[in-house]
Every structure is written in C-alpha cells, then in structure tokens.
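Novice: Construct all of the structure, not just a fragment, from the sequences and the given hints.
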Amino acid sequence: MTLATTLFPSGWMHFLAGGLLIGCAVALLFVLTGRVGGMSTVFSTSWSWLVKTPYFLQQRYTESRGWRQIYAAGLVLGAALWWLLVDGGTPQTTQVPAWKLLLGGLLVGYGARLGNGCTSGHGICGLGSLQWPSLMAVLTFMATAFASANLIGRWL
Amino acid sequence: MSQPTRSLTQAIATLVSGALFGFGLALSTMIQPEVVLQFLRFENYGLMLVMGGAVLVTLVAYKGLPRITKAPLLGGQFQQHASQWNRDTAVGAAIFGLGWGLCGVCPGPAIAALGVGNWDLLWVLAGIALGALFQGIGRQH
Chain A
285 MTLATTLFPS
295 GWMHFLAGGL
305 LIGCAVALLF
315 VLTGRVGGMS
325 TVFSTSWSWL
335 VKTPYFLQQR
345 YTESRGWRQI
355 YAAGLVLGAA
365 LWWLLVDGGT
375 PQTTQVPAWK
385 LLLGGLLVGY
395 GARLGNGCTS
405 GHGICGLGSL
415 QWPSLMAVLT
425 FMATAFASAN
435 LIGRWL
Chain B
-2 MSQPTRSLTQ
8 AIATLVSGAL
18 FGFGLALSTM
28 IQPEVVLQFL
38 RFENYGLMLV
48 MGGAVLVTLV
58 AYKGLPRITK
68 APLLGGQFQQ
78 HASQWNRDTA
88 VGAAIFGLGW
98 GLCGVCPGPA
108 IAALGVGNWD
118 LLWVLAGIAL
128 GALFQGIGRQ
138 H
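Chains A and B, in that order, are what the protein sequence lines are.
The numbers in the first sequence follow the working numbering, run straight up by one, and end at 440.
The numbers in the second sequence follow the working numbering, run straight up by one, and end at 138.
Calculated directly from the structure, the hints in this document are not laboratory data.
Since the structure is predicted, the reported quantities are computational estimates derived from the model, not experimental observations.
Any given hint could turn out to be false.
Stated by the list, open to error - Residues on chain B that point at chain A, a partial pick, calculated with CB under 10 Å: (1) Met(-2); (2) Pro1; (3) Ala10; (4) Gly19; (5) Glu31; (6) Tyr42; (7) Met48; (8) Lys60; (9) Trp82; (10) Val88.
To be verified - If you anchor each label on the Cβ, the simulated ranges turn out as follows: (11) B:Phe131 <-> A:Thr290: 35 to 43 Å; (12) B:Leu5 <-> A:Thr346: 18 to 26 Å; (13) B:Ala68 <-> A:Trp439: 51 to 59 Å; (14) B:Gly72 <-> A:Trp383: 18 to 26 Å; (15) B:Gln76 <-> A:Leu369: 47 to 55 Å; (16) A:Gln343 <-> B:Arg84: 20 to 28 Å; (17) B:Val88 <-> A:Thr346: 21 to 29 Å; (18) A:Trp439 <-> B:Met(-2): 54 to 62 Å; (19) A:Thr286 <-> B:Gln77: 38 to 46 Å.
All residues carry an ideal CB built from backbone N, CA and C; glycine is no exception.
Specialist: Here it is, written out as structure tokens:
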C-alpha cells in the first residue's frame, strides 16, 4: 500500500476539490457582499425570529438573520445539485444511531454558540483571517473531538 | 444601483455562495458522518485536505481582496468578525468537539444534509437547533 492509499483510503481528489470549492464560496460571498459567514450563527439568528429575549435580539443577530437564512438555503440547494447531478439521487443514510446524532447535535449546537463558532466559523473564516483565538478554538475542539470519537464513540 | 436592486443582487450572491459551499461539502463527503468519524479515528485524513483547501482560498480572499478593491463589488463594506479567546470560547469549543466526535456532524453538514435526502441527520439538525436555543435562553447578552 502506498502512503496515499493509507492516508486516503477513499481517494483524495474529491476532498481537495470540495475544500477548494468551499473556500471559493466563502471568498465569493466576501468579494461580492463583504459578509463573513460561519454556519452555527444560522441557528441562533433563526431563533431570533421566535424568541424575543435580549440575547436573541442583539443587533448582530437581527441584522444578519435574513442573509444567513438565504445562505443556509443555498447550502441545501448546492448539496441537492450535487446529489441529483453527480450522485444519482439515491437518498443517503447513516449508520450512526439516532441517540448519538441527537445528543451529539445538542452538544454541537450548545458548544458552537457558547464558543462563538464551529468548524466553518472558527475553522475556515477564523483561520482564514489569521485570528489566533480561532486557532486556539480549533485546537481545543479538535482535541476533544479526537478524544470523544476514540473513547466515548467506540465504547458506546 | 437602487437599494431594492442592490438588496436583491446581494441576496442572489448569498444564495449562490451558499450553494457553492453546499456543493463543496457534499462533493467532499463531509456530509457523511462516517467519513468525519473515520478522520477523528485516524483512519482517513481527507478532512485535512478539505480544511486545508478551504482555509487557503479563504486566506487569500480575506487578506488579498481588501488590497485590490476598497469595497465589496455589490456595495457595503468588508466585514471583520474578530474572535476572542476567553472562558466561553474555550468551554464552548471543548463542548462542541465532544459532540462533533460523538455524531460526526457539524452545523454546515447538518443543514446541507437536507439536500441529499439524508433524513437520519434531522436528529442532528434538531439537536443543534435545541442546543443553540438552550445556550441563548436565559442569557442577557
């Protein structure tokens, strides 16, 4: 086995191509509108339509909630285009049990909002603007994600 | 450009950018929890290429574009979202990682998965939405 097939048993080109496309998406949004878009903020800003508390009604949420929902709709649209044009339109499934998805999701949502960013906010936008707090956040969540995937994830 | 026209073109640009993002996530198989979990278990390093490729292009755009043009092409100004390193960021990132390692899905892929008919991931989407609600409720700022 070569190094490439050891590191990337399912091939590597689609990973790199997908990553470059994601980067182009963030760059396109920035050059056209000046907007900096991580994905976890979509959730808090969407709640701001329904939950009228001072936290959810803070200006940076109410100002950006409109375009963030459009951005999220685009995300679904783009994935659907790939699905129908490239993948052949067979619905995808996952073997990860529902309780892990729900509990994992709860922690992801709570943690990303408390920490003001996720893999796209801190990971792509934060690292892409060379912000060291984002680098620290990325190192922190990578460390706990490795621990959780290897320990909790395997035993349960 | 009149204001309504500008708002519309900005909305279209945002939709197209989102679509490109979603297409990239789907193409790179990051919307499949199994592939992300393989990475976190050191069985497939593809996620490094995805992150590396995305950060590289973003870095060039964020640092280079403001030198070439003073303002975004459709008006407005280049936003900067400064991140801070404090207790909330540290604890939040740690909790986020725990959850990500458990389910293999982060916020972008959870939304994008709606586009590929993966209804199993509605569990994650509901979880993230509720998690974001719990985080914000009861907070003043």
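Novice: If a hint holds in the structure, say so; if it does not, say that too.
Specialist: Verification of the supplied hints:
no.: 1; hint: Met(-2); verdict: violated, 13 Å
no.: 2; hint: Pro1; verdict: violated, 14 Å
no.: 3; hint: Ala10; verdict: holds, 4 Å
no.: 4; hint: Gly19; verdict: holds, 3 Å
no.: 5; hint: Glu31; verdict: holds, 7 Å
no.: 6; hint: Tyr42; verdict: holds, 4 Å
no.: 7; hint: Met48; verdict: holds, 6 Å
no.: 8; hint: Lys60; verdict: holds, 7 Å
no.: 9; hint: Trp82; verdict: holds, 4 Å
no.: 10; hint: Val88; verdict: holds, 6 Å
no.: 11; hint: B:Phe131 <-> A:Thr290: 35 to 43 Å; verdict: holds, 41 Å
no.: 12; hint: B:Leu5 <-> A:Thr346: 18 to 26 Å; verdict: holds, 20 Å
no.: 13; hint: B:Ala68 <-> A:Trp439: 51 to 59 Å; verdict: holds, 53 Å
no.: 14; hint: B:Gly72 <-> A:Trp383: 18 to 26 Å; verdict: violated, 47 Å
no.: 15; hint: B:Gln76 <-> A:Leu369: 47 to 55 Å; verdict: violated, 32 Å
no.: 16; hint: A:Gln343 <-> B:Arg84: 20 to 28 Å; verdict: holds, 23 Å
no.: 17; hint: B:Val88 <-> A:Thr346: 21 to 29 Å; verdict: holds, 26 Å
no.: 18; hint: A:Trp439 <-> B:Met(-2): 54 to 62 Å; verdict: holds, 58 Å
no.: 19; hint: A:Thr286 <-> B:Gln77: 38 to 46 Å; verdict: holds, 43 Å
Comparing the model with each earlier hint shows violations of hints 1, 2, 14 and 15; every other hint is respected.
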